[in-house]
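Use these hints to put chain B onto chain A, whose structure you have.
Each chain is listed here by its residues.
2 protein chains.
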Amino acid sequence: MTDAPMTAQAASTATAGDILSSHLTAQAGVFLRALPQAVGEVGARPGTAVVPPVGTADLLRAVRRIGGLLHTFGATFEQTWAQESRTELRWLLNLLALEPGYVRRSARLLGALDALSGTEADGPGMLAGHAGAPKARALLDRQLTLARTRAHTSVLQELRSARLHALADRMTLLVSEAPLLEAADGRAGAVLLPQAAAAFTALTASAQQLPLQRASTPYGGDGLRRLGSVPPARGVVDADAALAADDAPWGRVRILVKRARYALEVCGRPTAELDELDEVLGRHQEAADAAVTAATAARTPRITPATAYVLGVVHADQRLEVEAARYAFGRRWPELPPGLDGWLEIPPAEGWGPSPAPRMA
Amino acid sequence: MTDAPMTAQAASTATAGDILSSHLTAQAGVFLRALPQAVGEVGARPGTAVVPPVGTADLLRAVRRIGGLLHTFGATFEQTWAQESRTELRWLLNLLALEPGYVRRSARLLGALDALSGTEADGPGMLAGHAGAPKARALLDRQLTLARTRAHTSVLQELRSARLHALADRMTLLVSEAPLLEAADGRAGAVLLPQAAAAFTALTASAQQLPLQRASTPYGGDGLRRLGSVPPARGVVDADAALAADDAPWGRVRILVKRARYALEVCGRPTAELDELDEVLGRHQEAADAAVTAATAARTPRITPATAYVLGVVHADQRLEVEAARYAFGRRWPELPPGLDGWLEIPPAEGWGPSPAPRMA
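Quick mapping for you: the protein sequence lines, in order, are chains A and B. As numbered in our numbering, residues 19 to 379 make up the first sequence, in order. As numbered in our numbering, residues 19 to 379 make up the second sequence, in order.
Read the hints as simulated data drawn from the structure, not as lab findings. There could be a bad hint or two in this list.
[Stated by the list, open to error] Derived contacts from chain A toward chain B, CB cut-off under 8 Å, selection only:
1) 89
2) 145
3) 197
4) 200
5) 237
6) 247
7) 261
8) 316
9) 323
Beta carbons are placed, not taken as given, at the ideal position from N, Cα and C, and that holds for glycine.
So here's chain A without its partners, still in its complex pose (with noise of 0.2 Å):
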C-alpha cells in the first residue's frame, strides 16, 4: 500500500504494453533463474517433501502467472506467438506439477489414513485399530510412489528435450521484447480493464452455474448421494463419471479463479479474496483427485475384504473433503462479487500500475 501513490502516477501516463511488458519480464526473469534451479533439483533423489523444492515451485509460479496474462490479455500480444506459448506452457505446467502433486497426495491420503485409524485414546479415529489399515495405507503408498517414479523419469526425460530449450528461448525474448500488437500502446486502463473485466466476467458466469445454494448448506449429503448431472451422450453411468462430471464446474471455476487472480496482479490491485478461493479450490481439487486414487487402489486385484473396507471408508472421507471444500466457497462466493463491481468503477487513472514485485529486487 506505501508505493501506491507511485504506481497511480506511473500508471497515469504507462501504457498497456509497458504494464504487460514489465510483468512478463519479471516473471520471464523468474522462469529463467528458476530453470536450472528446478532442473537440478529433479536430477537430485526423489525426496518425500510435501512442498516441492524451491526452484520447481518458483517455476510453476511463474509459468502460470505468464500463462495466464498471455490468455487474459491476448488480444494485446501476436495471436499465433501467444497461442503456442500457451501450450507450450502448459505442456511444462502439467509436466512439472505431476511429482509434487503425486507427493502432496500421498501426504493427504496416507495422513488422512492415519488419523482415521489413529488409537490415541484421547481422539481415536472411526477406524481405529482395524486390521485393514496397515494394509491399505501399504497399498496406497506403493501405487503413489511408483506414479511418483514414473512421473520423475518422464519430466527427468524432459527437461534434456529440445522442447524444454525452444521454451526458454520464447521466456528470453518475453524479458528482452515481448511481441506486442499496436494495441499495446493505448493507454494501460483503456486496453487492459476490458481485458481483465471479461475474465471477471467469465468467473462469475462459471461461479453461477455451480450448486452455490447447496455447497453454502452444511452436511447437504451431494458430495456422496446427490451428484451434479452426468452428460447423457456418456451413456452407462459409472462412479467414475459420475464424479468426474461432478467435480469438472469447479476445477473450470478454478482455473477461472486463478486467472482473474493473475489479472488483479497486472492491475496492482490486491487478490486476498481471490487468493482464498484459489486455496479452497485447490483443496477441492486434491481431494478429488486422492478420493478418485483411493477408489482405483480399491479395485486393485487380490486385496483383502478389509483393505477394500478401509479404503472405502478414506473414498467417502476425501469426498466429505471436497463437500467441505464447497462449502467454504458457497460460504465466501457470495460476498466477492459486489467487491468486484466496485472496482470496475474504479477510474483507470487511479491506482493503476505494475503490482510490486518483492522477489524481483
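Leaving out everything else, chain B in the frame of chain A:
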C-alpha cells in the same frame, strides 16, 4: 393455548398429586388400550413398514412418558413401587422398540445404499453402478431381516409372559390410584417445580459437557477422524469401543431431553424446542446404530472386496449423518437455556395444570 386460562385457574388450587395422577391416569389408560392391539399386531406376520404399527407406537409412547414421570417426579411416589415400575417399563420398552428399530434401520441403510449407488443421470451417487453395491445391499438386508425375525420371536414369547401381565396390573392400579406419598398433597408449583427444574439442570449439565463448539462447526471431521476420548480402563483402543465412547454422551443427553420434555408436558408448557432436539438426537442414535451395523456386516467372513468397500463407504456415510445431527444439535442448543430459565421464573400459580390431552377426550 385456548384452554390456558382454565388450566391456570385449575392449577391455582391443584395439588401435585392431582396433576401427576391426571397424567398417569391418562397414560396408563393409553397403555391398557394399546396393549391388546400391540399384542395383536405382533402376532400378525412381521410387516416391512418403517413406522411401527399404531398399537405398538401408542404403547411405546405411553411407556416412555410413564417411566419419565416416575423418574423426574420420583420424590412424590412410593420409592420401591416407582423403582420396580420403572424397571418393568424399561424392560417392555427395550422389548417392543427392538423390532421397529430394525425396520427403521433397514430402511435407513438400504435407502442410503440406494442413494449412494443410484445411477440416475440427473443425480447419481458416488458408488453409481458399483459392482459391490447389490451384494452389500443383499448382505445388509439378510442380516437385518434375521435380526428383526429374532426380535419378533422374542417379543412374541414375552407378550404372553406373566411378567407382562404383572406390568399390566401395575398400570391398572395407576388408573385407579397411584401410590403417592404425603408430599403429593402440596401445591403443584411448590412440589413439582423443583423436581422439573432438577431434570433441566441435569440436561444442561450433560449437554455442556458435549463438544458443542466442535459440533456447531460444520465439517469438523470429528465424526470420522477424531472421536471423543476413550476411557483409559478399556486398554486397547478399537474402533467399536472408540465409536461407542464417542456416541455415549449424546445418548445420555437424548434420555435427559426426553425426561425434560415429559416434565414440561406435565407442567402444561409448550415442548416444541425439546421435541426438535429429541428428534435430532433420535437421528443421531439411529445413524450411529446403522453405522455399527454396516461395520459389523463388513466383518462377515468370505465377502468380496467390492462388497467390503461399499460397506466402508456406507459406514462413513452414516458417521457423516451422525456428524450432521451433532451439527444440528450444536446450532439449536445455545438458544434453549434462556427459554428454560424464563420458564423457572414464572410464578407457580400461573399457567400450571394438567396438559390438554386430546387423545383422552
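Query raised in the report: Checked against the structure, which of the hints given earlier come out wrong?
Result: 1, 3, 4
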